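Read off the chains here:
Protein chains: 4
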Amino acid sequence: MPVLGHTQYGKAEVRVVRIFRETDPHEIVDHNVSVALSGDFADTHLTGDNSKVLTTDAIKNTVNAFAKEAGDAVRTPELFGLALARHFTEVDQVSRVRVQVETYPWRRLEHAGVPHPHAFARDGGHVRTTTVTRSSAGQEWVVSGVRGLVVLKTTDSEFHTFYADRYTTLAPTTDRVMATEVTSQWWHATPPADFDAAHCAVVGAIASAFAGHHSLALQQTLYAMGTEVLAAEPGIGEIRFSLPNKHHFLLDLEPFGLKNPGEVFHADDRPYGLIEGTVRRDDEPDPGPAFDPGQGW
Amino acid sequence: MPVLGHTQYGKAEVRVVRIFRETDPHEIVDHNVSVALSGDFADTHLTGDNSKVLTTDAIKNTVNAFAKEAGDAVRTPELFGLALARHFTEVDQVSRVRVQVETYPWRRLEHAGVPHPHAFARDGGHVRTTTVTRSSAGQEWVVSGVRGLVVLKTTDSEFHTFYADRYTTLAPTTDRVMATEVTSQWWHATPPADFDAAHCAVVGAIASAFAGHHSLALQQTLYAMGTEVLAAEPGIGEIRFSLPNKHHFLLDLEPFGLKNPGEVFHADDRPYGLIEGTVRRDDEPDPGPAFDPGQGW
Amino acid sequence: MPVLGHTQYGKAEVRVVRIFRETDPHEIVDHNVSVALSGDFADTHLTGDNSKVLTTDAIKNTVNAFAKEAGDAVRTPELFGLALARHFTEVDQVSRVRVQVETYPWRRLEHAGVPHPHAFARDGGHVRTTTVTRSSAGQEWVVSGVRGLVVLKTTDSEFHTFYADRYTTLAPTTDRVMATEVTSQWWHATPPADFDAAHCAVVGAIASAFAGHHSLALQQTLYAMGTEVLAAEPGIGEIRFSLPNKHHFLLDLEPFGLKNPGEVFHADDRPYGLIEGTVRRDDEPDPGPAFDPGQGW
Amino acid sequence: MPVLGHTQYGKAEVRVVRIFRETDPHEIVDHNVSVALSGDFADTHLTGDNSKVLTTDAIKNTVNAFAKEAGDAVRTPELFGLALARHFTEVDQVSRVRVQVETYPWRRLEHAGVPHPHAFARDGGHVRTTTVTRSSAGQEWVVSGVRGLVVLKTTDSEFHTFYADRYTTLAPTTDRVMATEVTSQWWHATPPADFDAAHCAVVGAIASAFAGHHSLALQQTLYAMGTEVLAAEPGIGEIRFSLPNKHHFLLDLEPFGLKNPGEVFHADDRPYGLIEGTVRRDDEPDPGPAFDPGQGW
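Chains as they are written, first to last, in the numbering used here: chain U, 1 to 297; chain R, 1 to 297; chain S, 1 to 297; chain C, 1 to 297.
Be careful, since some hints might not be right.
Put simply, identical chains are the same to the list, so a pair is met inside one copy or across any two.
Stated by the list, open to error - In silico lysine to aspartate or glutamate, DMTMM-like type, Cα no more than 20 Å apart, as pairs:
1. Lys68 / Glu263
2. Lys259 / Asp72
3. Lys68 / Glu181
4. Lys259 / Glu233
5. Lys246 / Asp196
6. Lys246 / Glu69
7. Lys259 / Glu27
8. Lys246 / Glu181
9. Lys246 / Asp57
10. Lys246 / Asp123
11. Lys52 / Asp252
12. Lys246 / Asp30
13. Lys259 / Glu22
14. Lys68 / Asp30
15. Lys52 / Asp165
16. Lys246 / Glu90
17. Lys246 / Asp268
18. Lys68 / Asp165
19. Lys52 / Glu263
20. Lys68 / Glu13
21. Lys246 / Asp269
22. Lys246 / Glu13
23. Lys246 / Glu102
24. Lys246 / Glu263
Keep in mind that the hints were calculated from the coordinates and are not lab data. Keep in mind that this is a model prediction, so the values were computed, not measured.
The whole structure should be built from the sequences, with the hints applied where relevant.
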């Protein structure tokens with residue numbers, strides 16, 4: 001007999017922009033917010049009885065209203081997510097809420113040689129991500145992250161002495177270009193005093209480890225980045241990485257009478273290696289649902 | 001102290017096309033294959049010792065070679081995934097493999113009024129998805145699915161009598177346009193005799209339930225689709241849906257002196273409701289890792 | 001001294017869906033409409049005097065209102081574009097208008113074995129495109145088109161005996177896979193009696209020529225498709241094609257002890273050949289601005 | 001009778017990365033190059049005679065080889081484009097070549113507080129674009145540009161006193177958020193001594209004008225940006241802009257008892273206004289084919 005299993009629902013991709021105009025210079029906050037609720041919602045599935053369904057339209061309205069009501073919390077996605085999560089778990093029929101925020105960074109434009117007080121350019125370097133999970137019992141899990149951080153090193157990367165089966169034709173190398181687009185999420189076992197400062201510190205640690213590490217495999221670089229993050233931020237209990245190996249293939253220019261000593265590469269699209277891994281603190285508890293997929297599983 | 005947690009790695013998005021030329025008419029199979037391996041791979045992370053690492057390049061080669069070696073299995077993504085999964089779990093250091101396949105359908109072009117024996121057009125209607133998970137102990141989980149199936153009904157959809165809080169402003173409706181882009185995955189507790197026929201039956205059941213169901217909420221439609229699938233295919237133990245509510249807002253044409261009795265709509269992009277849920281058979285065991293995220297978690 | 005050159009402005013991507021509910025079965029029309037106006041608009045650029053600027057918001061409203069007001073014309077994008085173009089050129093300060101429409105096809109879902117009267121699935125095969133240009137003097141140019149039509153033939157394609165310079169390393173072939181994604185636009189020197197029938201006929205002619213033509217180069221296939229279209233529709237004065245050569249590279253499986261007689265291919269993403277060309281009737285006048293780029297140049 | 005009209009062909013999106021390793025620190029150049037040739041290529045269309053066709057594969061090889069052969073020219077896309085264009089117009093049957101380059105900027109990563117000598121992050125702020133057109137007679141047109149430059153100002157933008165017809169419902173405003181994603185191309189009537197410095201100067205002028213201009217319409221801002229660019233770079237003869245008006249709609253928070261004095265906005269996706277225009281020097285000659293669409297028309 002068919003039965004209903006796990007469900008969740010909510011509003012995805014509420015694009016809310018908050019301007020602080022009373023400040024001088026003006027400030028801007030740019031979020032893309034998705035909310036997923038779980039709880040006592042079986043009736044709407046089974047019989048179409050919506051009497052417990054908080055509408056996704058109301059969820060959208062709440063996100064927009066909280067961009068004003070939450071005050072300064074809106075500036076920091078982790079705090080904004082917590083404010084929203086605490087609100088939604090006050091709804092009786094909600095047992096768990098997950099708030100996901102993508103935050104787009106902006107930098108000030110220059111005019112007449114100085115930063116302009118109310119003009120900005122989108123900084124496309126990377127997106128800051130946040131996932132806040134809260135149970136109606138009051139447990140909270142805050143995960144911060146980054147996506148779209150594309151990094152490349154022109155040397156200090158080897159890959160050889162690997163396992164070979166009958167399908168292995170790859171030539172070993174002691175010097176290659178290594179590039180990846182970092183997607184990473186880290187769980188705050190103990191929330192930091194300042195989420196914004198912590199975010200900068202983690203992204204800085206990832207970048208610094210990528211740059212400074214002499215790599216024998218992208219897997220090793222992943223672990224080096226993870227350990228540097230844990231060293232930099234004592235409250236982080238666990239960090240996860242998803243690292244596509246953006247292959248740069250050395251081009252054979254011999255047919256044209258040219259030498260190519262590590263200078264000209266084809267940046268390929270597909271397929272790509274995909275290296276994923278977790279680095280955690282051995283004395284931290286289990287992250288529970290902190291990393292559970294949100295909407296879109 | 002930092003320690004290494006769960007890891008996996010592999011090659012993503014191997015775009016392999018297989019032509020059957022010895023047949024008349026010719027046939028074409030078009031797959032996008034991703035493979036993720038888990039197992040005894042800590043050394044590469046911790047020390048850069050790659051001696052157990054099957055290269056992602058070899059994984060790519062294997063997918064390509066199996067497009068020939070696997071014979072007719074390549075025609076059916078579930079069978080192709082199983083062949084690859086069985087191969088990779090034979091590698092000593094691999095404890096678990098996940099093979100994900102996206103399969104793109106093609107239809108024959110017409111020439112002089114009849115189907116042409118070797119010319120095709122890509123059928124963009126939807127993509128067939130497959131996830132095969134296999135442990136080195138020989139357990140296998142096969143999940144089939146669909147994504148990109150956009151469906152819409154012009155009536156037979158209500159949404160009212162919902163819970164209201166102070167942020168609720170949505171007007172109830174007894175007649176609306178309902179549209180969604182179906183992403184769904186279903187686990188074969190017992191594999192069917194014919195995966196291709198089963199796929200057609202499931203997609204047909206989803207479409208038929210969407211069309212025939214008088215909906216009081218997209219959540220209810222989800223459950224109706226799930227039960228119809230379970231009724232149609234006795235071997236399926238569980239089915240999951242992710243259904244964005246692609247909002248079609250009735251436009252107010254009064255300012256222009258026009259009535260709009262459910263005729264002209266704005267198809268909005270963002271935000272969107274997102275309804276997700278599971279329908280399972282109450283007498284089936286737990287799906288284990290069948291639905292675990294693959295690469296890209 | 002700086003001076004203002006050519007300008008145009010308008011609203012892009014108005015996503016309007018029109019349901020015909022009084023019919024049985026229901027019908028659906030799904031358009032994405034962009035409008036660009038040229039004319040006496042220098043003041044807004046030079047001084048910010050907007051007194052002649054029809055707002056882009058009003059342009060959007062007009063598109064939406066015409067989805068009702070234009071009656072059955074909304075069903076056929078060429079007629080809908082003409083209705084809009086005629087309206088906008090009635091505005092005194094407008095000297096030229098260009099209306100671009102993308103039309104998304106839908107097919108009926110089946111329920112209980114028969115087509116359902118009000119449930120549909122998006123047909124992702126290709127998008128129908130339309131560009132209508134009209135001058136305030138009453139001249140009209142109607143261009144119809146298609147994009148996203150992906151076609152492939154498994155044989156009947158050669159490429160050899162080509163020019164070779166010192167950078168030429170390609171091996172000639174007498175049998176290859178040929179695939180492309182057809183973008184095409186054709187100008188109706190004389191409008192057909194039935195634009196919908198004409199569209200079907202042209203897409204059918206393109207597909208039939210692609211299938212039936214023994215190709216010595218994608219360039220030759222382009223010309224074959226163009227001549228077949230002109231033969232099929234006597235009112236078409238000129239047709240243009242943009243044909244990316246979606247390369248399918250035969251994989252070398254020799255290292256794995258496998259033969260690969262034209263069976264297993266890698267479908268590559270980038271780079272791609274791009275073949276573009278025009279076929280026109282020698283007795284037709286110049287198409288004038290019919291093919292000028294619209295918004296987004 | 002059908003005849004062949006204008007044609008062009010080439011290789012699109014050759015993704016070539018050039019590392020300068022002999023320098024300390026290392027340097028990286030990242031281009032996406034497309035080449036389109038026109039000339040005496042009718043035979044391949046009409047009869048499949050390819051004897052004059054330089055293969056697109058050879059075009060790709062040439063781009064890759066020139067990343068080495070062209071020496072320092074590869075660092076500057078305008079010079080790289082010129083080198084390639086001069087090469088291809090040496091081929092007898094080529095009458096015109098167009099080289100388009102997208103260049104992706106990278107910045108150095110920091111390690112231990114200082115810029116790292118061989119580790120980089122992709123700077124996602126905007127893409128630098130270049131189009132070089134050359135005839136076999138030796139005429140050259142160089143166009144530089146930018147795309148993906150997203151800018152926003154939180155105030156100093158009005159829009160009112162506009163033309164109103166019966167479809168006009170927009171409320172006038174004396175203070176709004178103005179945002180756009182700048183796509184711009186400018187023609188060097190006289191090439192600058194340093195294309196890289198000129199590019200920085202132009203992007204700086206665009207940003208500065210956007211920031212400093214009190215706007216009565218996005219059209220006026222367009223002209224202000226154009227005049228500032230012409231003032232900054234005397235060799236530029238003409239500049240063109242395509243400016244989507246990325247609407248930020250003030251949200252009505254009254255239903256929730258909240259005031260919203262220009263603070264909380266919905267960033268909408270579609271539809272969008274699209275403002276396009278040209279600013280040129282009145283004493284410059286016609287740009288000829290400089291701005292003609294390249295591949296993909």
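Unmet hints by their number, sorted upward, for this structure | 3, 4, 5, 6, 11, 16, 19
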